[in-house]
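Asks: Protein chains in written order, with the working numbering: chain A, 114 to 425; chain B, 5 to 324; chain C, 51 to 445.
Treat the hints as calculated values from the structure; they're not laboratory data. C-beta: ideal position from N, C-alpha, C; glycine also. Don't take every hint at face value.
Stated by the list, open to error - With beta-carbon atoms standing in for the labels, derived distance ranges:
1) Asp283(B) <-> Ala367(C): 23 to 33 Å
2) Leu109(B) <-> Leu135(C): 30 to 40 Å
3) Lys258(C) <-> Asn29(B): 32 to 42 Å
4) Gly155(B) <-> Glu400(C): 52 to 62 Å
5) Asp283(B) <-> Lys266(C): 29 to 39 Å
6) His176(A) <-> Asn334(C): 42 to 52 Å
7) Arg120(B) <-> Arg150(A): 17 to 27 Å
8) Gly155(B) <-> Arg214(A): 23 to 33 Å
9) Gly155(B) <-> Leu200(A): 52 to 62 Å
10) Asn334(C) <-> Tyr278(B): 44 to 54 Å
11) Ala146(B) <-> Arg214(A): 48 to 58 Å
12) Leu109(B) <-> Arg150(A): 31 to 41 Å
Claimed, not checked - Below are the EDC-like pairs computed for lysine to aspartate or glutamate, each with C-alpha atoms no more than 16 Å apart in a straight line:
13) Lys360(C) <-> Asp349(C)
14) Lys251(C) <-> Asp193(B)
15) Lys218(A) <-> Asp194(B)
16) Lys218(A) <-> Asp193(B)
17) Lys330(C) <-> Asp243(A)
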Amino acid sequence: MADKIILFLQQLINGLAQGSIYALIALGYTMVFGVLRFINFAHGDVYMLGAFAGFYIGPRMLHLFGDKPGYGVLVSMLLVTMILCALIGVLIEWLCYRPLRDRPKLTVLITAIGVSLFLENGGQFLFGADPKSFPEILTDSYLSLPESWGRISELGIQLSAAISMLVTVILLFGLRHIVLHTKMGMAMRALSFNPVAASLMGINNSVVIAFTFGLGSALAGAAGILTSIQQPSIDPLMGVNAGLKAFVAAVLGGIGNLPGAALGGILIGVIETMVVGYVSPTYRDAIVFGVLILILLVKPTGLLGASEQEKV
Amino acid sequence: MRSQLLLLLTLVACGVISTLSSGMNPYYYDILVGIGINIILAAGLNLVNGYTGQFSLGHAGFMAVGAYGSSWLTLSYGYVLGSSSIAMSAFYVLALLLGGIGAALVGLIVGIPSLRLRGDYLAIVTLGFNEIIKGIIQNCEALGAQRGLGGMVLHTNFFWTFAFAALTVYVVVSLVNSTYGRGFLAVKDDEIAAEAMGINTTKYKVLAFVLAAFFAGIAGGLYAHFKQFIHPEGFNFIKSVDIVVMVILGGMGSTIGVCLAAVLLTILPELLRYVSRIDALPEWLRHVTENRMILYSLLLIILMLTRPQGLFGVRLPRKK
Amino acid sequence: MIEVFLPIFTLARPLAKTIVIMKTLVFSVLATVGLAASLLPLRAADDIVIGEFASLTGGNASFGQSSHKGTQLAVDEINAAGGLLGKKIKLITEDDQSTAGQPATIVQKFINQDKVVAVLGEVASSKSLEAAPICQQNKIPMISPASTNPKVTEVGDYIFRVCFIDSFQGTVMAKFAQSKGWKRVAVLTDVKQDYSVGLAKFFVEGFKKNGGEIVKEQSYSSGDRDFKAQLTSMKSLKPEAIFLPGYYTEVSLIAKQAKLLGLKCPLLGGDGWVGDSLLKVAGNSLDGSFFSCHFSAQDKSPVVQGFVEKFKAKNGALPDDMAALGYDSAMILAEAIKKADTTDGDKLREAIAATKDHPGITGKITLDKDRNAEKPATILTIANGAYKFEQSVAP
Numbered sequence: 114m115a116d117k118i119i120l121f122l123q124q125l126i127n128g129l130a131q132g133s134i135y136a137l138i139a140l141g142y143t144m145v146f147g148v149l150r151f152i153n154f155a156h157g158d159v160y161m162l163g164a165f166a167g168f169y170i171g172p173r174m175l176h177l178f179g180d181k182p183g184y185g186v187l188v189s190m191l192l193v194t195m196i197l198c199a200l201i202g203v204l205i206e207w208l209c210y211r212p213l214r215d216r217p218k219l220t221v222l223i224t225a226i227g228v229s230l231f232l233e234n235g236g237q238f239l240f241g242a243d244p245k246s247f248p249e250i251l252t253d254s255y256l257s258l259p260e261s262w263g264r265i266s267e268l269g270i271q272l273s274a275a276i277s278m279l280v281t282v283i284l285l286f287g288l289r290h291i292v293l294h295t296k297m298g299m300a301m302r303a304l305s306f307n308p309v310a311a312s313l314m315g316i317n318n319s320v321v322i323a324f325t326f327g328l329g330s331a332l333a334g335a336a337g338i339l340t341s342i343q344q345p346s347i348d349p350l351m352g353v354n355a356g357l358k359a360f361v362a363a364v365l366g367g368i369g370n371l372p373g374a375a376l377g378g379i380l381i382g383v384i385e386t387m388v389v390g391y392v393s394p395t396y397r398d399a400i401v402f403g404v405l406i407l408i409l410l411v412k413p414t415g416l417l418g419a420s421e422q423e424k425v
Numbered sequence: 005m006r007s008q009l010l011l012l013l014t015l016v017a018c019g020v021i022s023t024l025s026s027g028m029n030p031y032y033y034d035i036l037v038g039i040g041i042n043i044i045l046a047a048g049l050n051l052v053n054g055y056t057g058q059f060s061l062g063h064a065g066f067m068a069v070g071a072y073g074s075s076w077l078t079l080s081y082g083y084v085l086g087s088s089s090i091a092m093s094a095f096y097v098l099a100l101l102l103g104g105i106g107a108a109l110v111g112l113i114v115g116i117p118s119l120r121l122r123g124d125y126l127a128i129v130t131l132g133f134n135e136i137i138k139g140i141i142q143n144c145e146a147l148g149a150q151r152g153l154g155g156m157v158l159h160t161n162f163f164w165t166f167a168f169a170a171l172t173v174y175v176v177v178s179l180v181n182s183t184y185g186r187g188f189l190a191v192k193d194d195e196i197a198a199e200a201m202g203i204n205t206t207k208y209k210v211l212a213f214v215l216a217a218f219f220a221g222i223a224g225g226l227y228a229h230f231k232q233f234i235h236p237e238g239f240n241f242i243k244s245v246d247i248v249v250m251v252i253l254g255g256m257g258s259t260i261g262v263c264l265a266a267v268l269l270t271i272l273p274e275l276l277r278y279v280s281r282i283d284a285l286p287e288w289l290r291h292v293t294e295n296r297m298i299l300y301s302l303l304l305i306i307l308m309l310t311r312p313q314g315l316f317g318v319r320l321p322r323k324k
Numbered sequence: 051m052i053e054v055f056l057p058i059f060t061l062a063r064p065l066a067k068t069i070v071i072m073k074t075l076v077f078s079v080l081a082t083v084g085l086a087a088s089l090l091p092l093r094a095a096d097d098i099v100i101g102e103f104a105s106l107t108g109g110n111a112s113f114g115q116s117s118h119k120g121t122q123l124a125v126d127e128i129n130a131a132g133g134l135l136g137k138k139i140k141l142i143t144e145d146d147q148s149t150a151g152q153p154a155t156i157v158q159k160f161i162n163q164d165k166v167v168a169v170l171g172e173v174a175s176s177k178s179l180e181a182a183p184i185c186q187q188n189k190i191p192m193i194s195p196a197s198t199n200p201k202v203t204e205v206g207d208y209i210f211r212v213c214f215i216d217s218f219q220g221t222v223m224a225k226f227a228q229s230k231g232w233k234r235v236a237v238l239t240d241v242k243q244d245y246s247v248g249l250a251k252f253f254v255e256g257f258k259k260n261g262g263e264i265v266k267e268q269s270y271s272s273g274d275r276d277f278k279a280q281l282t283s284m285k286s287l288k289p290e291a292i293f294l295p296g297y298y299t300e301v302s303l304i305a306k307q308a309k310l311l312g313l314k315c316p317l318l319g320g321d322g323w324v325g326d327s328l329l330k331v332a333g334n335s336l337d338g339s340f341f342s343c344h345f346s347a348q349d350k351s352p353v354v355q356g357f358v359e360k361f362k363a364k365n366g367a368l369p370d371d372m373a374a375l376g377y378d379s380a381m382i383l384a385e386a387i388k389k390a391d392t393t394d395g396d397k398l399r400e401a402i403a404a405t406k407d408h409p410g411i412t413g414k415i416t417l418d419k420d421r422n423a424e425k426p427a428t429i430l431t432i433a434n435g436a437y438k439f440e441q442s443v444a445p
């Protein structure tokens, strides 16, 4: 019995680590949906670009720090990648979505699918199809509790996974601060409440939307780095799966709702790990999509989302 | 009466061309049949994505149901009606139809819950169902699982392909010109207003979806009995995108445009094989032309930015 | 539901439109096909044309590009040495974009448009299975470099392969595990890959037959990145080794995570492990593991070293197994054309079938009566993050 409990707790930890990555990506989906009411299909691919940005910056950054892996390298890489990805996000919005602002939603959705396919296949063309080895910017190890604690000490976590969870929490609080306590955050909330009224109040909607894209893409970029320090093999198609799962997470939590996206991400990570550990990996994707469909049927607004009346 | 007669004439014409085509270069023949199958897929999907204004991203899933369903039937019961070639062909057509009905049933199961959802959600849910269908096949030993299914007899020919293509086009055109067509357009133009006018929007959406799934199932059966080998990965997201691109390029809501786009996009990759061999082109350009998906994605973005109604569609007024 | 469909068949008006559409279609088809035909490149009549289809883009691109580089190298070498039967070889390579449906179309093009004498391809069994029936019907020999599914060569007597099949590799590794004295082994399979499932099946059969115990069979899907759930449940069972018949893309990550989780037992695998990024990603975490493959780049024999040198000079990287197999497939075909002294399909087929002790990069290759390659498997081990030759297992 004790074995089973330990195993279960260990799987729970594994699931939480995986879920924190999904949560970061899901936040981007949710924010963009909040202000623009559309799903940015290309978001998962920004996460991939984040990982590749790290791949190219990593060796140079390591060099700056005297070729010693460590927290300094990690933090500065996170910052540089987040800025880069924010720029990419703003660029995508400016090139592809802004000209379509007043068009039917379907047009924007198709464009987003186009952008996503372009980034994936362009990435394959540019970076090559074979997986790349991510530079070691952090010496990974396995953390466990002291043995004197008894059976509990069998539990453990990958150092990089623990750092990812920590960074996710920090970023979440940072995001919360931006949204709740800054002028830009207030503008974002106003825009998501009513775009026309917001612009009447003197808010420059285009700037706010660009900022939202940048913020969401920065989080995706951070997720790209955090996943790569745990699993140091990256390829141009890695964003497809992660993007889909994160989307499901955003819908599960209630799309447009920031705490919801974080909760949804964690839940999806845990569900996936439990299905793999206790049922069979073959059913993992089917069950995740099953959860999505169930949620949409039973409570389309998601776990934390408030119901919204369609405006005519 | 006149309509049935005309349809019959079209079918006879298909038959005549079919018998004449026996001496044709098999490479061209392969492309021609591919065109026919793509017309069925695209014209069917146009009902949902074009006329009804919904967005399905999982058409390949229904194609898979038809392909695997009909192949399983012909492989297990192919000789039920006898082993003469006529009996075998008759059973093949029966299997095609049953495959189509199977796909339509799956479409009904998928459609009723998910069509209550709005555009973006529907896209993701249909994509999810596509993955689920693929996943089920991958785990099903009777259907060859991840090994793929082979050994089907070559039944599909020019006649059957284009007979079904003509039938698809006929049904789609008839439907959109009927009262039902008005219903589809009403759903597309403004769902809330349509509902307020007493139109049962779910009924129209489900009808369009089920019919599209039926035709996709038929197309899948035709495909399976032409290539004689099918694999779950052949019905993935990329395949769904292929069909969506045809509908968008042709112009959502224009049957002739979508059919032309199906022709164009079936031939294009083959033409690009020659383009990428022209030594005068710079190397990177030749590499790009070799990668169909880069071209398709650029095509999607540029079309949406400059001509969202597609090559042959009618421009719709902008709406907020 | 039924009443919904009834009105369809009572409408006459749309038919005129249907016919207009069909007419336009036929015209456009004819026009475009005509255009295609006019674009056809003229080829020198005295070339020997060989068609190669591979996944140069899409999901399987990394394997397709490798095998293509090997094939191209072989053809270049033959042409530099004066060609065959006094003619040059012209290799036409088409990309199937890792897409189903494409191989059949491409092979039709090869046979009817380019008039190839033989077809080379493909790595993935699902693609070869689509192309093989067409080659068989047209009596054009086809040699697959790396399709391991037994069904491929069962299509007919014109279909060959130069790699070993799943049963051989699985059994070899089962015997090897037993020779190491391991009794309790866990298996981790990639359920999306036919290859991986096949290898696992024969390994399990072979291992159980001689009294071994499979403590746990787990699986994952290609493209996964996190394997801690599977590894955690394996760890509690304390296996002596884990058989991991996947591709290097996932194997490297699995090895890394296994090491971090404290799973110290060695990993065993097959030729899917061979790839440029395996050791780069896995670092030292694969130390003490074993896998079977087709050749070792450290092999001192002049045939192998010559190939490695030339490949490195041309492509700037070490060849992997796919490149070596692509090279061998082209060389066996060239040998057969020379021996048959003709490119006639029938005689060429016989010459290929008679291949015996061909000194290939991947060992002495003999094609058996089922048109499969009979050749030794090489077992490599990994020590300090580098490959080391362990042993060679004869068929």
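Asks: Return holds or violated for the Cβ distance of Lys258(C) and Asn29(B) against the range 32 to 42 Å.
Replies: violated (53 Å)
Asks: Quick one, are Lys218(A) and Asp194(B) close enough, alpha carbons at most 16 Å?
Replies: Given pair Lys218(A), Asp194(B) holds - Cα atoms ~12 Å apart, limit 16 Å.
Asks: Verify the CB-CB distance for His176(A) and Asn334(C) against the hinted window 42 to 52 Å.
Replies: About 23 Å separates the Cβ atoms of His176(A) and Asn334(C), which means 42 to 52 Å is violated.
Asks: Verify the CB-CB distance for Gly155(B) and Leu200(A) against the hinted window 52 to 62 Å.
Replies: Once the Cβ atoms are compared, 54 Å apart, the range 52 to 62 Å for Leu200(A) and Gly155(B) holds.
Asks: Do the beta carbons of Gly155(B) and Arg214(A) sit within 23 to 33 Å of each other?
Replies: Check failed, 53 Å falls outside 23 to 33 Å.
Asks: Do the alpha carbons of Lys330(C) and Asp243(A) lie within 16 Å of each other, as the hint requires?
Replies: holds (12 Å)
Asks: Taking 31 to 41 Å as the stated bounds, is the beta-carbon spacing between Leu109(B) and Arg150(A) within them?
Replies: Check passed, 34 Å falls within 31 to 41 Å.
Asks: Is the gap between the beta carbons of Asp283(B) and Ala367(C) within 23 to 33 Å?
Replies: This hint holds: roughly 26 Å between Cβ atoms.
Asks: Is the Cα-Cα distance between Lys360(C) and Asp349(C) 16 Å or less?
Replies: holds (15 Å)
Asks: Given a hint of 29 to 39 Å, does the C-beta separation of Asp283(B) and Lys266(C) actually sit inside it?
Replies: The hinted range 29 to 39 Å is violated for Asp283(B) and Lys266(C), with Cβ atoms some 56 Å apart.
Asks: Given the range 17 to 27 Å, decide if the beta-carbon distance of Arg120(B) to Arg150(A) lies inside it.
Replies: holds (18 Å)
Asks: Measure nothing beyond the straight line between the CA atoms of Lys218(A) and Asp193(B); if it is 16 Å or shorter, mark the hint as holding.
Replies: Between Lys218(A) and Asp193(B) the Cα gap is close to 12 Å, so the pair holds against 16 Å.
Going down the numbered hints, you'll see the structure goes against 2, 3, 4, 5, 6, 8 and 14, while the others check out.
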